[in-house]
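Protein chains in written order, with this note's numbering: chain A, -5 to 485; chain B, -5 to 485.
The hints are simulated quantities; they were obtained by calculation from the structure and are not laboratory data. Check before you lean on any hint, since a few could be wrong.
Identical chains blur together in the list; that is why a pair holds if it fits in one copy or across any two.
[Said to hold, decoys possible] Pairs of lysine-lysine, DSS-like flavour, derived with a Cα cap of 27 Å:
id : residue 1 : residue 2
1  : Lys30     : Lys49
2  : Lys69     : Lys413
3  : Lys425    : Lys413
4  : Lys477    : Lys425
5  : Lys413    : Lys71
6  : Lys425    : Lys439
7  : Lys413    : Lys148
8  : Lys385    : Lys413
9  : Lys413    : Lys477
10 : Lys71     : Lys30
11 : Lys71     : Lys237
12 : Lys71     : Lys49
13 : Lys439    : Lys30
14 : Lys477    : Lys439
15 : Lys69     : Lys30
There are 2 protein chains.
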Amino acid sequence: MQHPSLTLNMIQLDLASPEPMQFQLYRAMREAIVTKQLAAGGRLPSTRELAQRWKVSRNTVMGAFDQLTAEGYLKGKQGAGTFVTFSVPDFYSRVTPAGRAACADVVARREAALRQRRMKYQGCTHEPSPLAPLRPTVPSLENFPFALWEQCRKAVLRQGERSLLTYGDTLGYWPLRRAVATYLRDTRGVRCEPAQVVICCGSQQGIYLTASTLLEHGETVWMEDPGYQGARIVYEGFGAKVKPVPVDREGMDIQRAPVAEGVARLIHVSPSHQFPLGHTMSLERRLRLLDYAAASGAYIVEDDYDSEFRYEGRPLSSLQGLDQSGSVVYVGTFSKILFPSLRLGYLVVPPGLVDLFEQSRSRIDGNPTLIDPATIALFMEEGHFARHIRKMRSLYQERLELLHDAVARYLRGGLELEKQQCGMHTVGWLKGSTPDQEVTARAQKNGVVAPPLSQYTRRFTLPPGLVLGFAGFRADEIDNAVKRLADSIPL
Amino acid sequence: MQHPSLTLNMIQLDLASPEPMQFQLYRAMREAIVTKQLAAGGRLPSTRELAQRWKVSRNTVMGAFDQLTAEGYLKGKQGAGTFVTFSVPDFYSRVTPAGRAACADVVARREAALRQRRMKYQGCTHEPSPLAPLRPTVPSLENFPFALWEQCRKAVLRQGERSLLTYGDTLGYWPLRRAVATYLRDTRGVRCEPAQVVICCGSQQGIYLTASTLLEHGETVWMEDPGYQGARIVYEGFGAKVKPVPVDREGMDIQRAPVAEGVARLIHVSPSHQFPLGHTMSLERRLRLLDYAAASGAYIVEDDYDSEFRYEGRPLSSLQGLDQSGSVVYVGTFSKILFPSLRLGYLVVPPGLVDLFEQSRSRIDGNPTLIDPATIALFMEEGHFARHIRKMRSLYQERLELLHDAVARYLRGGLELEKQQCGMHTVGWLKGSTPDQEVTARAQKNGVVAPPLSQYTRRFTLPPGLVLGFAGFRADEIDNAVKRLADSIPL
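Chain A extracted, bound-state conformation (with noise of 0.2 Å):
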């Protein structure tokens, strides 16, 4: 057999590249051979030869060779040099420009099919500047008693470090579902077992490990117009025909809801507290959306999200407490009361559910986390949790004032606030004649987060809003970002 000397010459290194040059010759070369630059049987120089040439050390050389041979594309004979061992198959049509040019574009075809399909989701936008006033949804995050959290951690890590380092139940650390079910009984009136409670990283998890469990491709999900777009991703995103319903000051109005076109599997809504408007469901409406429910077989999911801070009256129980049927999944989150990068929430499901949502989040990322579930339920036993919501009530209800005054201030006549009483954030009317989206990007200008009410809405439209945050921010940031706010609607 013919063992060609091979020169190597098509090999070139990038000294000023950040890749180690081991790395890069391992791979040049492997390329190479690939390729069929480098032919099977041919023999490589030395690697002192290469190493002189490549201006690099003998072992740079060396480790790419042992790599290659580890791999099986060379192979060194005592006394006799090192080969090339690998021969391309016959079928490797990315050999030839040919074979390289039908690929690329069998890939750009590819490409093209999937961003196609995926324009659905195209509504999907991110919120832009995690911290800048008046975003909504974040909270206070210089209040929160990180001192104290660190000792529930420490705390919950002396008692069982090596139990909270392995895999959990799928459902959740069962401490936090006990003490969560005892705070929903008691603030919500949630009615519920512990074993009720599944545990979830964010109510955005909770919302699509429902829609994961209960819709089928091609159901039906009614949702309030205006509503949680995020919500609504989750639902086509799973192949359900989305309905707008429409919302006025008693919350969704399930008597407008598209009934000739089809029976809901699901219903969105959030009775608490509207997404974005505010309002909270009357009682009526919610025995008439139970009533439906019932006698339909749809599902409610109720987002009870922000229901902790409500500043005049008492927060009105959960539709889950009313519901005799077992058809509605209660949504909360611990972001918003503790913070939003712990990424934790729950949901109280109907209990003959429990087993499929445990197979739905058994698929969808396995087992939660253990050891902020565990801080977190030792957080609420001792008390802390309460008294850091009682407090950020009261803030969230100083800072609310502040907006109101600074609206008084320098929004006279351009901006009318919602009368609502709760939430982290609130719905300012526009007065003038400008489309909302045109103020929100001239504020984004001027350095404020303020969304456009359009955003929320599908179907029915709304008089031009803005959506605006201020339980995360100073007064001097909340007087600061309405002045500019002002700038940026025209007179």
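Please arrange chain B on chain A, whose structure you already have, making use of the hints.
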């Protein structure tokens, strides 16, 4: 208007219940109003009288009345007493026994239908008894340098507490994406920029995210058989037709794939360490696979699990590094190198698909966590990660030898271990004729976890065998487990 006096005789409180009296009372009265046992316009007895009758404090009764008043069921009139104000709407069908029966029927049929639909995921079994030997996938937790981990955590919090509590980038914490890109380039020959790295909740979510982005209902997926069933249930959950492809010592044999049954959209493989058999895919098979993908437009999901633990030779480079057509999605996890409850893993996706993965991720659970990812990034940058892998590699190699010794001692003739020298588990072939599920069941009774090989197969049958984990157990645990396993194998 008449105001009949109501007796409230139907209200029964359970003094022994753990449910607070006030909530019981609130709930019972609400129930009585909603079911028309207490009619609108009726006047309630005084709170003093009721407190005496029920032997509770007057505050308890007033608390319940306040809540019912806030929710619109009751109204107090100065000097005249408290009245039921909520009149149950005529439509409310659950008031009548017939309405309730009809509703119960709808609910029962709905749950039966759901259960029927979800039958397809029955294959998803949860592994039992988390830490019992010889469960596969359990790393050595007592050797995890948790103190160092906590130091890194403190350091990152000191630097950026505020910014680590808020919302993060959907694709993950940038310094971690950068650290992963460097790590994978240096150790796995992966070719990627940090922007292609997607941080996710463990490899299970990585696979789920991939399916959610690339797969459409009704498309075909090819999977190794035997293979990772946690991936199969994901693909089937998205409505894919999953077709088994046989595996031999060279890995998945793409030439035996069911090409005539339709083009594959996804091909799921574990080339470094076939799951569960442990073989490494040969170079020729790798090129064939890449060639098929480039020519057909299929995507390859490369599950590179356990590739860090190879006890002889050098680990083979990834398939991803050999790909020239952007067809490979690379999946890895931190759960088994650091600790399982972290629930963090990563994908490397083709550059053209990053935005589509971002859309999917934002639907599934919004933003990822920040504190743990920041801690991992520092843990990697400071070299603790690489050092821990090196230590575990030699520890696991020792433990694999201990397993071989114990099998030689107690199971000679009954079980033959695979020769493979990598990973955290190995395969033991049963020499007798007893089906492996039966041996697994007997072992479980003896306190030993040893999943049957048949659990991982779909169409192609294998001789009976067990999957045996050795990484997470001490010498005495391994010895003892093998002894008990020997007792579980009928002679």
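Here is what the structure says about each hint:
For the homomeric pair Lys30 and Lys49, the shortest alpha-carbon distance inside one copy (26 Å) is at most 27 Å, but the shortest distance between copies (92 Å) is not. In this homomeric assembly, Lys69 and Lys413 come within 27 Å of each other (Cα to Cα) only across copies, at 23 Å, whereas the closest approach inside a single copy is 79 Å. Within a single copy, Lys425 and Lys413 get their C-alpha atoms as close as 16 Å, which meets the 27 Å cut-off; across copies the closest is 77 Å, which misses it. For the homomeric pair Lys477 and Lys425, the shortest alpha-carbon distance inside one copy (16 Å) is at most 27 Å, but the shortest distance between copies (81 Å) is not.
Proximity of Lys413 to Lys71 under the C-alpha cut-off of 27 Å is restricted to the inter-copy arrangement: shortest distance 26 Å between copies versus 85 Å within a copy. Proximity of Lys425 to Lys439 under the C-alpha cut-off of 27 Å is restricted to the intra-copy arrangement: shortest distance 21 Å within a copy versus 74 Å between copies. Within a single copy, Lys413 and Lys148 get their C-alpha atoms no closer than 43 Å, and across copies no closer than 44 Å, so neither meets the 27 Å cut-off. Taking the shortest Cα distances, Lys385 and Lys413 sit within 27 Å of each other inside one copy (22 Å), while across copies they are farther apart (63 Å).
Proximity of Lys413 and Lys477 under a CA criterion of 27 Å is satisfied intra-copy only: 21 Å inside one chain copy versus 73 Å between copies. Within a single copy, Lys71 and Lys30 get their C-alpha atoms as close as 22 Å, which meets the 27 Å cut-off; across copies the closest is 94 Å, which misses it. With identical chains, the CA atoms of Lys71 and Lys237 are never at most 27 Å apart, being 72 Å at best within one copy and 43 Å at best between copies. Taking CA atoms no more than 27 Å apart as the test, Lys71 paired with Lys49 passes inside one copy only; the shortest distance there is 25 Å, against 96 Å between copies.
Taking CA atoms no more than 27 Å apart as the test, Lys439 paired with Lys30 passes in neither setting, with 55 Å inside one copy and 57 Å between copies. In the homo-oligomer, the alpha carbons of Lys477 and Lys439 lie at most 27 Å apart inside one protomer (13 Å), although the nearest pairing across protomers, at 72 Å, exceeds that limit. For a Cα distance limit of 27 Å, the shortest separation of Lys69 from Lys30 inside one copy, 17 Å, qualifies, whereas the shortest one across copies, 88 Å, does not.
Going through the hint list in order, the structure does not satisfy hints 7, 11 and 13.
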